[in-house]
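Peer 1: Here is what each chain is made of, one letter per residue.
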Amino acid sequence: MTEQSSSEVEVEHDDGFNDFIGPLYQTQVSDTEWDFWFTPEQRHLNGGGAVHGGMLMSFADHVLGKIVWEAVDQQPCVTMSLNCDFVAGGKVGEKIAGKAEITRKTRSVIFVKGELTQGGRTVMTASGIWKLVGK
Amino acid sequence: MAWEPQEDARPPVDNPPAGYAHLKVLDPFEAQLAPFYRHTDDVAGSGDARICYYIDDRHVSGPDRLATAGALMTFADATLGWAAWDGAPIATIRLSAEISKHPPENSWVFGETHVTARDDDSLTIIGTYRDENGDVLMTVSSRWKTFG
Numbered sequence: 001m002t003e004q005s006s007s008e009v010e011v012e013h014d015d016g017f018n019d020f021i022g023p024l025y026q027t028q029v030s031d032t033e034w035d036f037w038f039t040p041e042q043r044h045l046n047g048g049g050a051v052h053g054g055m056l057m058s059f060a061d062h063v064l065g066k067i068v069w070e071a072v073d074q075q076p077c078v079t080m081s082l083n084c085d086f087v088a089g090g091k092v093g094e095k096i097a098g099k100a101e102i103t104r105k106t107r108s109v110i111f112v113k114g115e116l117t118q119g120g121r122t123v124m125t126a127s128g129i130w131k132l133v134g135k
Numbered sequence: 136m137a138w139e140p141q142e143d144a145r146p147p148v149d150n151p152p153a154g155y156a157h158l159k160v161l162d163p164f165e166a167q168l169a170p171f172y173r174h175t176d177d178v179a180g181s182g183d184a185r186i187c188y189y190i191d192d193r194h195v196s197g198p199d200r201l202a203t204a205g206a207l208m209t210f211a212d213a214t215l216g217w218a219a220w221d222g223a224p225i226a227t228i229r230l231s232a233e234i235s236k237h238p239p240e241n242s243w244v245f246g247e248t249h250v251t252a253r254d255d256d257s258l259t260i261i262g263t264y265r266d267e268n269g270d271v272l273m274t275v276s277s278r279w280k281t282f283g
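Line by line, the protein sequences give chains A and B.
Counting with our numbering, you get residues 1 to 135 for the letters of the first sequence.
Counting with our numbering, you get residues 136 to 283 for the letters of the second sequence.
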């Protein structure tokens, strides 16, 4: 990972989608809790000047997926289901933060929910189901 | 900012699947993931549309190089929006995806959309996304707010 400060790290580069849409940032708050964020740029917008829904869903997938991945001791897992409610529009230039928590974990699937906020205002709520690969 | 055709991050292929032609997207974020291709028989705003795209290195992650849910759902949002957009502003208010298989890098994804409900200020649109063999990769249901 790329060091930003003692507590802030840019998401590990995977030469793939998150690199392409990022930079995305995260910091670990406790054993099970992480804070995530990115700052919307012009390239993240829709034609109306708001943050594109695809970018918000992509960030939500990253936030929820990271929480799941840590909860299963970094075993391979994939998104099975993701539900996103677009509560408000996101603005360019102001940090969008993400939080998520596990709802339930079984042997093969993990239920998770999360929220994206901007300036304390909810812009998206999301819930999803991840599957452990090979289980 | 205006809704104007965007320059795709990569040029369209010379030979898209039969019946498809390059689709100019209007959103900067979609242009980052484009090019997309629409079926030439389909019309924006009709509700029923067939759109495809090619999974490349921008859309994948992990050691198996599979398309991410974010990339697939962005493509879904773009295709559902194109099918619904008749010139008046619209906005996604809910999008739910069930992903049965994450397609690999260097493969095509084909989407088909259908408007299932329409009232004065909202639309419900579903989409089914398949691989080149016709196997379902993802099903999506969505709700859109319409303005004007």
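I should point out that these hints are in silico values taken from the structure, not numbers from a laboratory.
The reader is advised that the hints may include incorrect statements.
[As the list claims (entries may be wrong)] On the chain A side, residues computed to face chain B include the following (Cβ under 8 Å):
| id | residue |
| --- | --- |
| 1 | Gly16 |
| 2 | Thr27 |
| 3 | Met80 |
It should be emphasised that the depicted structure is a prediction, and the values quoted were computed from it without experimental measurement.
For glycine and all other residues, C-beta sits at the position ideal for the given N, C-alpha and C.
Peer 1: If a hint holds in the structure, say so; if it does not, say that too.
Peer 2: Hint-by-hint comparison with the structure:
1. Gly16: It holds, given that the least Cβ distance between Gly16/A and chain B is near 4 Å, below 8 Å.
2. Thr27: At about 21 Å, which exceeds the 8 Å cut-off, the nearest Cβ of chain B leaves the hint on Thr27/A violated.
3. Met80: holds, 6 Å
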